[in-house]
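Quick note, the sequences are listed as chains A and B, same order. If you read the first sequence in this note's numbering, its first letter stands for residue 1, the second for the next number, and so on. If you read the second sequence in this note's numbering, its first letter stands for residue 1, the second for the next number, and so on.
Do not rely on the hints blindly, as some may be mistaken.
[Claimed, not checked] Taking lysine to aspartate or glutamate pairs in the EDC-like style, the calculated list, with each CA pair at most 16 Å apart, reads:
1) K12/A with E34/A
2) K3/B with D66/A
3) K26/A with D66/A
4) K129/B with D24/B
5) K85/A with D197/B
6) K146/A with D204/A
None of these hints come from the bench; they were simulated from the model.
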Amino acid sequence: MSEKSLTAISIKNLENSYTNGNIPNKVLKGINLEIQPGQIIGYIGPNGAGKSTTVKILCGLLSDFDGDINILGYDLRTQSLEIKKRIGYIPENAALYDTLTPREYLQFVGELHAMDAEDINLKIEKLLDLFEMKAHADERLNSFSKGMRQKILIISGLIHNPDIIFMDEPLSGLDANSVIIIKEILTQLAREGKTIFYSSHIMDVVEKISDRIILIDDGRIIADGSFEDLNAKAHSGSLENIFTELTGTSGHSEKAEEIINVFEN
Amino acid sequence: MVKFILICLLPFKGIIRTMGVDFDQLRSILRIKLTMDNRRSLSLSQKKKESGNQLLLQAFVYAVVGMLMGISLSSIKSPLVSYTVFFAFIMIMIAMLMISEFTNVLIDTRDNHILMPRPVNSRTIVMAKILHIAFYITHMSLSLSIFYIINTIINHGIFATLLLLILIVLASLFTLFLTNIFYLGLMNVVSGQKLKDIIVYFQIAMAILFMGAYQLLPRMMDFINIAEIKMNIHWWSYLIPPVWLSGTMDGFINGIYDWSHLLFLILGILVPILSLFFVIKVLAPRFNIALAQLDVAGSKKQKVSSNGKEKHKIMVFFSRLCAQTKEEATAFKMIWLMSGRERKYKQTVYPAFGYILIFGLLILFNSKKSFNLETLVASKKYLFLIYLPLFVTFNLTQQLAFSDQPKSSWFYRSLPLSNPGQILLGAFKSVIVKYFLPTIIVISGVCLSIWGINLLDDIIFGSLSIILITSLIFSWQNPQLPFSTERNTQDTGGNFVKGILLMLSGAVLGGIHYGLSFVPYSVLIAIPIAIILVFLNFRKLRKVAWNKIN
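Only chain B is shown next, with the shape it has when bound in the complex (with noise of 0.2 Å):
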């Protein structure tokens, strides 16, 4: 693939030799860097793979997730609704992927290093830069929208097809000029490392959009009847942008070009192509100035915020309550703090509040009838609520024992500490209080909402029946202190299982809890039991001896 790219760049040798850029060089630059993106994985996957053909495989996920999008538009039949929302999907699709799978390649300091004390000049490198972003957003939108190409190729002929990526290409460059207008404000206002952090919330959001398309999309198509959709156009529908493009679509495909549509035409070529000089002239060596900035960011004066002292508080509070040792408590504020910063945890676990929250919805309103609050409340549908944490507990231990530095863990072993299952207990505890409780609560405040205050036994019941099948498939597998394991590069099958297993407890916990839901009382006798069973098993944990530990 990365061969096929720089044959294209061929027939443009000449007209990249007269801009002063030297052609040999750029191709060199331009290989080395596409052979990096090639063995980059997506950041959406979990495990790193050393693997040489990752652009294909992102292209492949990128139709797939199109494909999703077309099929669900399909059946609209105003072709300028159907085009809006795909012009909509495509340019947040791309600006979310710029910012959660590209930032690392374009703000790329070892760019510095590499190839200034080279005799390489400043054109050659700010095209190969150009020419990286472009093949980047072109292979970005081309395999988000194939499957909507071909759907135009069948209903509106060869014409509007052409039109269509042109208008598609329009809409890429407009959002890079967005983008970029989000990374010179964000590089503006915060160093590096807080830069990569913020960007990391991109990627959760990412992945909870992926899943949420999945998952809501489909149904919400059976939901409206959105065939018969139509919009008209007011005033404020020339302010946005995927009009501009649906709008043209739409002239050209019914052959009205009346003022409005002309007016569509004009703004959807000419805005872009204004900001796309707008990048050049103005953005672009701004951006430039602020990455070689970013490398001595360090120096950045940090700001402490004011509400520090008070989340320690917060903190300190609950690991006097929750911890029994001193060790535990240490392990239980470690966790604390490094779990709210360790990218790779966050940008692994995080995602999984998303889905308790797509999960929630579609538990509660998974009704082809109309929405109706007294057959909700006579159901027993708040056992699914109840114990849609389990996502959660799971991803938050599970995840709990890597890191991308896992040699930092050193410190663990040359610590006189006479068991290590202090630390997992604490560890347990920790992530426990900081993500699961505030989790139940919202939970339980949504499930006592509708159906009662009644339901308090069933939510505390469920919540302990949670901590205590988490907390034993925590200490059944192979405990690893926290943070010390590089992920697994194949891993497949251990994820596999773990997907079962959380199956299956869900299941046999749900399948409990409807039992005992049919015997009076029974959820209060439960309750101690449960507590006394957490409480064996914590003290279990805590004896984890250093020969546990692999």
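Chain A on its own, in the form it takes in the complex (with noise of 0.2 Å):
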């Protein structure tokens, strides 16, 4: 246990391609980091920077890479099982069974994590019951809404208790109060010493919630901090601003007009 409280992640010179035909296309271009239990990390990038890239390959989704990566002390390559019985993954608007009902669903993954089967139902019950999906725990899942997707994938993510928690965009299509329940219950479960990896585009959570955020561009961290930290280094007030900053894309307003000027004529 206290060589596994040291460090939730460790990663050393994450690389990752993909061939697109013959051309070889590098996603991600040596990434390092050690991220301490307890933590909530903000992960933020443009599109296409890589942040679905890593989140997949920390999650075993994606098990073609170069570099080391260690979770909870558990080696990626090698005990990859023990690493799964121990995270749970929330990705954006990911594929279900669709011709399920979600408590059929819910239970197939609490089977999956080798849990109780009364213990389950028990979890089934109240979870659906406080994201007010009860009324729905029997329909099939192909009539929800996006918004009705995305708690059912969070509370799968959840269910099992996990230490570390990834975040792929999680509150793709929920309402403004399921937002703030979601962003109560991720500072709640870092108090409690659990790890969250947070992957948005969002930035006002990102930064509300966030005790460290790391940005990456074109594959490679370009800051890694606090939201105190990189607002010192750039003095732009808001992450926004930040962000916009250092991913080196000016001149928005100009691009505006541009493209005005094109409907107008």
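Fit chain to chain and form the complex, with the hints in mind.
Set out below in structure tokens:
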């Protein structure tokens, strides 16, 4: 336990590329990270920077990568099963088995985590109730709206009480009330010592909940630290401005003007 | 049914565990997969049903098809011939069903997202997949052959039946091997979306095959005296897989144990088993790699077809020729393109072309006497042929409203469009020109070559009547914009009414035409009248306002 509590996630020289036809396309170009338990990590970057790829590698969805990854003291390559028992993954709008009901799906997930049958049922009841989904517990998932599906994904990522939670744009499609609840849940889980790895485009949320913000661009880390640290470097006031400044895209208003010109002429 | 299958697994718990598979997880995965199968209706049925007993229903459908086959075979005296046809039937059916029904199950990229982040080891996943496929194949082959199994018990006793069961398993394994190769080849060439497109064509072929078997087989049995058919064994007989299995059956039933039957036995047992090893050792790993790449297949380069521009030229030409307003022309072009790409549309409409072929053959050759061109020419059977495309035009227009993604039709209502009738009319003309025109040209080619050039006016009048009646029905119903609604879950009543309408309009049109054919020059006079009526109805259709659309 003592060695595990040192670092939750350790990433060394992570590289990843996929081949598009015959041209190798490098997505991650050497990511190095040490993450302590009990932190909320905000993982941000422009579209195509490699955020989702990182999360997918950490969750074991992509096994084809270079570098060393150690999660909770286990090596991702050789002991991925032990890791997967202790992590939860909440993707954005991900696939679900559509013809199942939430109850059946969550039960299935619980069984895969070797949870006790009674325990599963109890938790499903309570969680569906708390997420205001109880009325839909026995309807098929293909009739669900985006936000309802996202709630099911969130429950399925948390039901086995994981130590690390990976989230890839988890608030997509949720209403304002649910967003507030999720934010509060994350803060309290972090206080209990759980690690949360949170990737998102919504800068306000990242700014408010993250203990530490990691900004990547073009497969590399270009900023790392608390919001105060980043703000001290960039003097920009909000994470949105810092983001724009560091990812090197300026002249937004000129671009907007050009776009409007196209419409009007 | 799912529970029963899972219980069947229990005795093997020990063996499965020693293979490094987590038995509880395996059972969970299988239960979920089978539950989902049980809710997934056959792609052949057009309606989406919220049913929980699809597996039994499918078994019943397969059994009926197998029975039709079995009945037509039961009069054959030579076991070699009947079992050869039987095994060929089983193997073709399994291959086709694997492709048309099982593809979505086999190529389920959701598994990557749902199972991979969970603590499930790869052996458990592979085992679950193997058992799932094994169940599916057993389900298909047993329901298809149940009639023939019973037939074998009655005619040849219990031991022959046991042998038959073993041989059915072997045939299934060999078919699995063939389909596997087919899939691998296909996945190497095309991307995931394209693969789904190709599979739609298999589903269409399947629908036609079912229909053809149902309509043609019993008649063919009358036609040829098949009871006495015999088969001689040539050197190339050893190259036909169904013959290996039927040869083995034949040897057992007739008690012949000579060299050729022994060779069949060896081939029949050895090749499927070798192919199974080949599937497990060589094909399955490659298959999984190809499957994982399907997810990112969107990044595969799309081949831009060189004749794309040419095709569009035809489309633009016809849109200028047929459409009168700009909106109509736009709808014409949009429907022209979409009707060729919307999978569900193709899947429900394209089989109608096959039906035309089947019924066309039935009309031409449906006489107990042998085929005779002179009696055919003397008859007025061309009327049936001319009105056959009603099948197609009805399907084309009735299915036009349906889509798998009805939500994407939001843009119709956001457009500043004065009356949506223009879109309806454009869509109607589009499918008529794209699908009906070629069909009637082919049919008139057949008719003209049999009955001669003086049939031309009949064909023109017939086509106009078909267009008229289809457009009348299209505008009489509550019209719906193309590709804008989901298929109703329970619409059997509606389908029945549509079927009756189809029959009725066919009979009325044919009757009128038949009557006219006795009055000289009447068809020539009727043509301009039909043109005016079509024109008037088009004008009415164009004026359909928003409040008529639901």
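Exercise for review: Starting from the hint list further up, note which numbers the structure goes against and sort them upward.
Suggested key: 2, 5 and 6
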